[in-house]
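Residue numbers (the numbering used here), protein chains in the order written: chain A, 1 to 379; chain B, 380 to 755.
Just to be clear, a hint being listed does not mean it is correct.
Only pairs whose alpha carbons sit at most 30 Å apart, straight line, appear in this in silico DSS-like list of lysine-lysine [said to hold, decoys possible]:
id, chain 1, residue 1, chain 2, residue 2
1, B, K419, A, K44
2, A, K156, B, K641
3, A, K369, A, K354
4, A, K354, A, K44
5, A, K369, A, K236
6, B, K734, B, K748
7, B, K685, A, K86
8, B, K585, B, K572
9, B, K685, B, K671
A few chain B residues that face chain A, going by a derived Cβ cut-off under 7 Å, partial list only [said to hold, decoys possible]:
id, residue
10, Y433
11, L505
12, Q551
13, D552
14, L726
Simulated DEER-style distance windows between Cβ atoms [to be verified]:
id, chain 1, residue 1, chain 2, residue 2, range
15, B, D526, A, A260, 34 to 44 Å
16, B, R747, A, G185, 29 to 39 Å
17, B, Q482, A, E183, 32 to 42 Å
18, A, Q162, B, S630, 32 to 42 Å
19, B, E670, A, G168, 40 to 50 Å
20, A, L349, B, E541, 55 to 65 Å
21, B, S630, A, T2, 54 to 64 Å
22, A, E360, B, K734, 52 to 62 Å
23, B, Q482, A, A129, 41 to 51 Å
Note that these hints are calculated values from the structure, not bench results.
These numbers come from a predicted model, not from an experiment.
Ideal Cβ placement from N, Cα and C applies to all residues, glycine included.
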Amino acid sequence: MTELEFIGITATQRVDTATSATNGSFGMATHTEIGVPVGPPVNKEFAAELAQAHEASGFDRVLIAHSSASIDGFVLADQTLEATEKLKVLLAHRPGFWAPTIAARAYATLNAFHPGRVAMHVITGGDDADQQRDGDYLTKEERYRRTDDFLTVLRKEWESDQPFDHDGEFYKVTGAHASVRPEPGQIPIYFGGASEDAIRVGGKHADAYAFWGEPLDGIRQRIAEVQAAAAPYGRKTRFSVSLRPIVAETEEEAWAQADAILAAAQAKAGNPGPLSGFGKNAVGSQRLVAVAEQSDVHDKRLWTALAKVTGGAGNSTSLVGTYEQVAEGLLDYVDLGVTTLLIRGFDPLEDAKKYGRVIELVRAGAQLKAEDRRAALAG
Amino acid sequence: MTYDYDDIELLGMIGTADASEIRPHDGPIINPDYTARFAKAHEDGGFDRVLIGYGSGWSEGTQVAAYVAQHTERLGLLVAHRPGVVHPTLASRTFSTMDQFSQGRVAVHIITGGTDSEQRREGDYLTHDERYARTDEYLQILRGAWDEPGPRDYDGTYYRFEGFTPQVFPYQDRHLDLFFGGSSPAAYAVGSKHADTYMLWGEPLKETGEQIASVAEQAAAAGRAERPRISVSFRPILGRTDEEAWERAHSILDTINGEVGKQFRQQVAKLHPQGQAPQNAGSQRLLAAAEKGDLHDRCLWTPTTKAVGGGGNSTALVGSPETVAAAILDYVEIGVNTVLIRGYEPLQDAIDYGKHLLPLVRQEVAHRKATRAVAV
Chain A
1 MTELEFIGIT ATQRVDTATS ATNGSFGMAT HTEIGVPVGP PVNKEFAAEL
51 AQAHEASGFD RVLIAHSSAS IDGFVLADQT LEATEKLKVL LAHRPGFWAP
101 TIAARAYATL NAFHPGRVAM HVITGGDDAD QQRDGDYLTK EERYRRTDDF
151 LTVLRKEWES DQPFDHDGEF YKVTGAHASV RPEPGQIPIY FGGASEDAIR
201 VGGKHADAYA FWGEPLDGIR QRIAEVQAAA APYGRKTRFS VSLRPIVAET
251 EEEAWAQADA ILAAAQAKAG NPGPLSGFGK NAVGSQRLVA VAEQSDVHDK
301 RLWTALAKVT GGAGNSTSLV GTYEQVAEGL LDYVDLGVTT LLIRGFDPLE
351 DAKKYGRVIE LVRAGAQLKA EDRRAALAG
Chain B
380 MTYDYDDIEL LGMIGTADAS EIRPHDGPII NPDYTARFAK AHEDGGFDRV
430 LIGYGSGWSE GTQVAAYVAQ HTERLGLLVA HRPGVVHPTL ASRTFSTMDQ
480 FSQGRVAVHI ITGGTDSEQR REGDYLTHDE RYARTDEYLQ ILRGAWDEPG
530 PRDYDGTYYR FEGFTPQVFP YQDRHLDLFF GGSSPAAYAV GSKHADTYML
580 WGEPLKETGE QIASVAEQAA AAGRAERPRI SVSFRPILGR TDEEAWERAH
630 SILDTINGEV GKQFRQQVAK LHPQGQAPQN AGSQRLLAAA EKGDLHDRCL
680 WTPTTKAVGG GGNSTALVGS PETVAAAILD YVEIGVNTVL IRGYEPLQDA
730 IDYGKHLLPL VRQEVAHRKA TRAVAV
C-alpha cells in the first residue's frame, strides 16, 4: 500500500491562545480562528521552532499557505527547509500572478537547493474579493481554465529539454527553455477545489487531490469523482484529507476543549478583521457549512460546529477525542483510500508537538490493518 | 556634485554554477555548495552586495537569494527582477518577506528587458516602450506596497487591483532600494524617476559621463532634488604587474575566441540567437565604444565585448591592482557611486578582488576624502 503521509502547517507569528480574542488584527501569517497573534508578523526563530517541532513529531511535510495578504511562501519554504533535516514542504501557489515559466523555475530552483523536498499545492482561489486584492478579475470558471493552461506550461517548463512554444487561451510563449529542471516527478502537484471545474482540471493534472474534512460518505463520493476525472489521462491520484484534531487524555477533556475553542471563535467572529469573508464563496466552504447545518457531530467524532461560525472558511472541521479515538477516526479515512492526512490544530506549536502521538498511533494502526488484511487473505 | 566618498559601494555578482565565457559548464545548473562558497567569498572579501541575475531560462533569483541569505551573515543581496512576469503586489510581498528573514539585506534590480525574443520566452509580447510604461506603473506599485500601509486600490493601464492590504513590509520599515538598468530614452525617463541607483555597463569615461548627464536631466525633469546614485559594471583582469595582467587578458581573449569559448558561444546561441545585432541599447553602446578602439582611458579594454557580441557586462579593466584601483577612482571622480565587478574566473577572481583590489579602492577613497576635507 502507498505509504501514509502526514502534513502539518507552517506559520511565522506566535499566537497567544490564553488571551480572549478581542484583537481586530487577523493574522494571515498564522490563520487561526482563536487567540491573538503576538510579536512580529515575520518571526524567523518561531518559524524555525515550529518546523522543527513538526519534524520531531514525525510529520513528513508542512503546508505553506497563501493569501493576498500573506508573506511570500517561497522564502518561508527555504527557511523551513534550512531549519530542518528531512521535513518537506507543500508550497501553495495561486496561478495567475506569476508567469508559469518563472513559477516553474522558482519551484525547480528551490528543489535544486533541497532535492526532493518540495511539492506544489495549486489553489485556484474560490474568493473573488481576495483575487481582486492582487489584481485578478477573472470569474471562477475562467480561473480554472487558466489553471489548466498554467499547469500545462509549467509542466513543459519542467520537462522539456528543448525550447518550446505554447499558444493557449491564457498563456503564450515562444522559445521557452529552462536550464533548471527537476527530475521527472520530483515535484508532485497537489490540488484543491471542490467545484466541478476544479475536479475536471485537478483530475487532469494532480498527483494528489486535497479535500477538506467532510464526513466519510462525502469523501468517498469525492474520491470517486476525481478518479473518474483522472481516468481519461491515465492518472492515479493520491488523496488527502485536512482535519483539525482536538485531542486530550480523556474524551471529556477533549470535548471541553472543543467547546472552549467554539466560544473563543464566536467571540472573535464578533470582531471581524479586515479580511473577513475570506474564502466564503468557495464550493468547498458551502459543502462544509451544509454538513455543519445538519448536525454538529458526524460519523463517530467529526465535529463541524466551528464551520458554522467561520462560514466554512478553510479547513475547519475536527476529530475530537482521546489520542486513540482520533487516530481511529483518521484510520477510517485511510480505509477509504486516503493516504495523506493534513492535520493542524488551533495552537500551532503546542498542537504540532501533541500530534506526534497521534501520528505514531495512526502509522501503527495502518500497519496492523494491513497485516490483518494479509492474514485474512492467507486464510 | 553631491558625491560623498563615504558612500562608495562595491558590488560583486554570483551564479549557481562554476561557469563563464572561459569556463564552459556541463553539470547541473545549480550547485548548492558552490553557490554558498561563491557568496561567502564575496562576504569574506569585503563586498557590500552581490547581484543575482535574471534570464528567462536561468535559476529563479529569489530562490537563489533566499538560499544565499541563509549561508551568509551580512552580505547584501541585489536580486534582478523583470516586471511583467509576476504581479507587482505579490512581488512586493516576496521582497518584503526576504528582507524580513535576511534582516534588511535585500535590494531589487529592475531590468525591464531590451530584447523582444527573450521577453517572449516568458510570454511577454509588449513592445519596448510599452514595457517601460508598464515598469513605470510597476515601480509605483512596489514603492507604495513597501512604504505605506493598505488597503489600497490601483487602476492603471497595465495593473488594476482593489483592497490590497499587505501584512508584511521591509525589515524595520526601512527603505528598500531599487536599482535600475537600461540605456534607451524610455529607460532613462522611467529609471531616473524611480531608481535609488542607476546601473550602467562599463563604457569609457566620456560616454559614461554622457549617460550620467542623461540620468540627471531626466531625474530633474521628474522633479527629484538629486539624481539617483550611479553604478558602473566591469570585468577586471588583474595580474601582479601590468605586464602580467595584459598577458592574462590576451590569453582570456584567445580562450573566448577559441575552442573553449566556441562551446560557450554555442550554449549562449541557443538562448540568444547570434548573427543578429543586439536589440538592447546597452549592448549597442558597448559595441559602438569597442569600434572606436581596443584600449580606452587608463586601462578599459573592449575586445572581450566584441568577442561576445556586446552581450551584457563585458568590458574589462586590465592591470595590476594599483592600476585597476586607479581606473575605478577615475569613475568615482566623474560621479560614479557604486562599482560592480566580476571576473572571468568567477570564484577565484572574487577572492583575488577581495584580497588585492577592494582594500586599495577603499584606502584611496578614504585618502581622497581626508585630503579633500583638508583642502576645503
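Subject >> C-beta pair Q162 (chain A), S630 (chain B): status relative to the range 32 to 42 Å that was hinted >> reply: Given range 32 to 42 Å: holds, Cβ gap about 35 Å.
Original post:
Holds or violated: are the alpha carbons of K369 (chain A) and K354 (chain A) at most 30 Å from each other?
Top reply: 24 Å, holds
**OP:** Using the beta carbons of S630 (chain B) and T2 (chain A), state whether their distance is inside 54 to 64 Å or not.
**Re:** Given a distance of about 58 Å, which is inside 54 to 64 Å, the answer is holds.
**OP:** Would you check the hint for K419 (chain B) and K44 (chain A), treating anything up to 30 Å between C-alpha atoms as holding?
**Re:** 21 Å, holds
**OP:** Given the hint that K156 (chain A) pairs with K641 (chain B), test it: the Cα-Cα distance must not exceed 30 Å.
**Re:** Satisfied, since the Cα-Cα distance of roughly 29 Å is no more than 30 Å.
**OP:** Could you check the hint for me, namely that Q482 (chain B) and E183 (chain A) are 32 to 42 Å apart, CB to CB?
**Re:** 34 Å, holds
Subject >> Pair hint K685 (chain B) and K86 (chain A), alpha-carbon separation not exceeding 30 Å >> reply: Not satisfied, since the Cα-Cα distance of roughly 48 Å exceeds 30 Å.
Original post:
Does the Cβ distance between Q482 (chain B) and A129 (chain A) fall inside 41 to 51 Å?
Top reply: Check failed, 33 Å falls outside 41 to 51 Å.
Original post:
Lying within 34 to 44 Å: is that true of the beta-carbon distance D526 (chain B) to A260 (chain A)?
Top reply: Given about 41 Å between the Cβ atoms, the range holds.
Original post:
Would you say the C-beta atoms of L349 (chain A) and E541 (chain B) sit inside 55 to 65 Å of each other?
Top reply: Violated, since L349 (chain A) and E541 (chain B) (Cβ atoms, about 35 Å apart) do not stay within the stated range.
Original post:
Minimum Cβ distance from Y433 (chain B) to chain A below 7 Å?
Top reply: This hint is violated: Y433 (chain B) lies away from chain A, its Cβ roughly 9 Å from the closest one there, beyond 7 Å.
Original post:
Between E670 (chain B) and G168 (chain A), does the C-beta distance stay in 40 to 50 Å?
Top reply: 44 Å, holds
Hints 7, 10, 11, 12, 13, 14, 16, 20, 23 from the list above are not met by this structure, while the remaining hints are.
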